[in-house]
Amino acid sequence: MNLQFVLNGKPWRVECEAQETLAEVLRNTLNLNGTKVSCEVQVCGACTVLVDGAPVSACTYLAYEARGKNVTTIEGLEKPDGTLDPLQQAFIDEFAFQCGFCTPGMIMSAKALLDENPAPTRAEIIHYMDGNICRCTGYVPIVAAIQRAAQAMGKETKK
Amino acid sequence: MSAEKKPDFHVVNHAVPRRDARVKVTGKAQYVADLKLIGMAYAKVLRSPYAHAKILSIDASRATAHPGVYCVVTGNDLEGLNPYYGHAVKDHPLLAIDKVRYAGEAVAAVVAVDERTAFEALELIDVKYEELNAVFTPQEAMAEDAPLLHEKQFEAGALRGFEGEVTAGKGSNICQKHHIKWGNVEEAFKNAAAVVEGDYYFPMTYAYAMEAYVAIADVTDQGVNIYSSAQHPFMVRHDLKSVFNLPVSKVRLIVPFVGGGYGSKSYTKIEPLVAACSWKAKRPVKLQLTVEEAMLTTRSDDAYTWMRTAVDANGKIIARQAKIFMNTGAYAENSPLVVEKSTNRCVGPYAIPNVLIENCSLYTNTVPASSYRGFGCAQVTLPGESQIDELAAKIGKDPYEFRLANAAKPGEEFFPGMRPFDGTLKQDLDTAARAIGWNTPLAKGHGRGVACSGSDAGAYPLTSTVVRVHADGSVTIMTGSTELGQGSHTVLPQIAAEELGVDFDKVNVVSSDTAITPYDRSTGASRTTTLMGSAVLEASREAIQQMVVMAADVLKVKVEDIQTVRGGVRCGEAQLNWSEVISKFYALPDGEVIGRSYIRKSGRFSALPVFWEAAATGVEISVDQETGKITMEKLATVGDVGLAINPALAEGQDIGAATMGMGIGLFEELIYEGSQLVNGSILDYRLPRFSDLPKEVELHLVQNQDGVGPYGAKGGGEASLNSMAANIANAVDRATGVRIRHAPLTPEKVWRALKDKNIQGSKV
Ligand code: FES
Ligand code: FES
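Protein sequences appear in the order of chains R and C.
Residues in the first sequence are numbered consecutively from 1, following the working numbering.
Residues in the second sequence are numbered consecutively from 1, following the working numbering.
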């Protein structure tokens with residue numbers, strides 16, 4: 001099948017099979033390996049990408065469903081000049097990852113959260129992020145990173 | 001004690017950002033799952049539906065003929081290889097041969113153009129089995145009429161990591177036995193003022209590294225090349241050398257970033273299988289397991305422990321006795337070492353004059369058990385630290401005070417024949433108690449616990465490294481230590497930067513390629529900072545010595561006249577940095593100096609353990625009396641790390657470990673019903689999530705520079721897990737008056753215990 005969609009701001013046209021997932025097309029066809037796959041059953045969040053701004057699990061989302069839509073992956077967050085997204089920077093500053101395998105999905109979910117709710121409380125962060133598993137960090141620094149990014153972005157918009 | 005007090009560190013003891021930070025937050029970090037080789041094929045594995053069965057026949061002809069399939073590999077195709085591997089006991093065939101020993105064991109592999117084709121072809125393989133009786137628990141495995149899992153005598157693996165005899169394969173289902181004994185326990189229990197006694201169970205758990213096992217093999221006449229998610233590439237190399245009967249120089253393991261390990265990626269897993277696939281298919285082959293398959297590959301040993309502990313009239317612990325039966329599953333893997341370690345770790349970090357611990361692990365028809373963060377320690381710290389609280393309650397003492405009174409003191413030789421204790425438990429416990437407000441009033445339905453763990457680190461000192469100083473003043477460290485997320489790529493350059501006086505950013509790391517990086521025994525047992533860190537420190541200093549000689553040559557002065565300064569040398573007025581020394585020596589702005597270091601069991605590393613891994617945790621929980629659900633109100637971790645080379649990373653290890661321990665305390669458990677694992681998927685295996693975060697968390701480090709590692713550092717990252725299950729059980733007892741001795745403390749278990757208590761009015 002012919003699949004046309006916008007990926008990280010650029011239009012793409014690729015061939016895909018009906019049963020292929022978005023994660024497979026991203027990783028295997030487009031060699032965009034930032035999106036990680038772990039559980040493959042939509043419970044760990046490692047494969048989270050944004051489709052028209054909403055977080056989806058790319059491991060179970062059929063690629064063809066993305067036709068005509070805007071897909072954002074972890075590779076799409078860094079600005080062309082190398083500036084990181086405030087969330088990426090906050091994850092670095094708060095040591096919010098160890099092995100890093102959950103990190104792309106974690107950052108994409110957090111991005112969806114902050115796009116929706118720019119100043120979430122701790123409880124709101126915990127509730128929203130509950131679909132993302134991290135086995136390394138005990139979540140503590142991830143919550144701190146999301147709070148830090150929210151603050152940094154808040155200051156940006158006030159300026 | 002502390003080798004050198006250095007109050008003013010430039011780079012170490014600072015929370016510098018992770019070296020791998022940018023690649024990991026931008027999705028550019030490469031894991032084996034992300035790699036492709038030209039011409040690469042993909043393998044999928046057919047697994048046994050039976051727990052114990054003879055393989056009567058395998059017909060792979062239809063699968064082999066399936067379009068897109070290169071070949072099928074079965075136990076009948078391994079002629080020319082030594083198919084049994086194992087660093088402790090060579091009991092593990094790379095594919096089932098003649099029989100299967102657990103449901104989920106690999107029976108055949110299909111190699112095809114892509115994963116989907118390989119997967120489709122699995123259905124076309126016909127295997128005929130004859131089912132045999134099976135055993136699932138140590139008790140069943142010990143029964144007189146129990147079927148034998150392994151009929152033949154094994155070769156002992158060369159790298160088992162302990163000195164005792166391997167007892168597996170001697171005509172019973174016993175995998176390994178170990179005991180320790182000193183004093184006279186019978187006498188001591190007779191004379192005790194108070195004794196507690198009980199049966200405890202520590203569950204089977206799954207580490208869930210989010211990256212499931214994955215490897216790519218390329219076997220040619222040049223040798224065996226493998227990319228793997230292995231924690232210990234050199235140990236895997238040793239197994240492959242024996243499978244393929246090659247010199248180690250012809251076996252190359254390359255480990256890029258690893259997506260979590262926690263012990264579960266220790267030792268050899270799927271590498272012999274994927275190598276056999278490549279050998280037969282004559283092309284590179286990738287094998288990526290699913291998480292469900294990873295759950296059928298390795299788990300922790302579950303443990304049944306009977307323990308009793310005694311005090312005298314002064315509240316001094318005088319005796320401890322335990323009998324432990326561990327369930328090692330179908331193959332030994334690292335369980336023989338787990339048995340030895342759990343035996344030792346029953347003593348806890350307490351000075352006990354009379355001790356008898358007997359431990360035995362048994363083969364059963366379940367998923368093989370192996371290393372799991374803290375190997376063996378969490379299993380026995382549940383009974384050990386539970387009994388400290390049980391005893392304190394019995395003699396009317398505050399459990400915190402009771403611990404303080406009995407904990408091993410700094411420098412105390414509390415474990416005969418081992419290194420004197422190198423931690424400060426008083427300070428650890430004190431910090432944990434203060435963090436959770438030990439002495440402040442407790443709300444109704446709330447309970448607190450502080451507990452500690454001090455384990456003889458399994459870190460065997462055999463490590464080498466190279467530190468290359470380049471003519472532009474930058475540095476490359478060649479290390480066999482794997483970056484699992486623990487931060488070795490950050491900590492090691494911090495040490496080199498400190499020693500060589502160069503910017504942290506100028507120190508690069510090349511790691512875990514057995515063809516390039518010098519030998520390092522493993523990346524586990526919290527060893528890297530202490531052992532590889534020491535190697536990097538010494539290699540940096542050795543490079544400096546060489547550069548001093550070079551500087552003397554360049555400046556045409558005597559070596560004695562050269563004085564080292566931070567980042568270079570001085571001689572009278574003349575001052576040269578390393579870049580100038582090297583460039584002038586070679587008379588070109590290029591070239592390098594190679595510093596080396598070899599660490600072995602000698603000098604300050606001759607006493608084992610290399611360090612005692614010590615930590616305390618504190619918890620406050622509340623129990624919902626209606627549902628039995630436990631809520632984590634507070635959690636405090638205290639890592640007794642000697643010196644944190646990077647405090648943020650050290651704290652990160654502690655909270656990560658404590659969270660895993662909390663999971664085991666509250667809900668994590670692999671459950672067998674009959675022959676099948678019934679929760680063998682992340683859908684069904686309950687893991688800690690954001691919503692399980694304790695309401696308040698405090699992370700502390702105790703840094704007395706009392707370790708043998710660089711600047712007094714020692715390992716961390718396991719110990720905060722070990723005490724958590726006991727700590728939660730102790731806090732539940734304080735909150736509700738019920739004592740639960742089986743982890744995890746699920747709502748159902750707590751609810752039943754509360755109900756029984758209300759009926760009986762007494763403790764269960
Ligand atoms: S891999 Fe998609 S949710 Fe786990
Ligand atoms: S950083 Fe390893 S799983 Fe989150």
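Fair warning: there could be bad hints in the mix.
In silico EDC-like pairs for lysine to aspartate or glutamate, Cα to Cα no more than 16 Å straight-line [stated by the list, open to error]:
no., chain 1, residue 1, chain 2, residue 2
1, C, Lys316, C, Glu401
2, C, Lys36, R, Glu17
3, C, Lys584, C, Asp553
4, C, Lys409, C, Asp430
5, C, Lys426, C, Asp472
6, C, Lys28, R, Glu124
7, C, Lys695, R, Glu75
8, C, Lys282, C, Asp221
9, C, Lys54, C, Asp98
10, C, Lys28, R, Asp130
11, C, Lys170, C, Glu144
12, C, Lys695, R, Glu17
13, C, Lys128, C, Asp59
14, C, Lys426, C, Glu412
15, C, Lys54, C, Glu144
Far from chain R, some chain C residues (derived; all Cβ distances over 12 Å) [said to hold, decoys possible]:
no., residue
16, Lys24
17, Tyr31
18, Gly39
19, Leu81
20, Lys152
21, Gln153
22, Gly164
23, Tyr262
24, Glu292
25, His446
26, Glu483
27, Thr637
28, Ala658
29, Met662
30, Val697
31, Glu698
Bear in mind the hints are in silico, worked out from the structure with no lab data behind them.
Each residue gets a CB set at the ideal place from its N, CA and C atoms; glycine is no exception.
Earlier hints that do not hold, by number: 2, 5, 6, 7, 10, 12, 15, 16, 17, 23, 24, 26, 27, 28, 29, 30, 31
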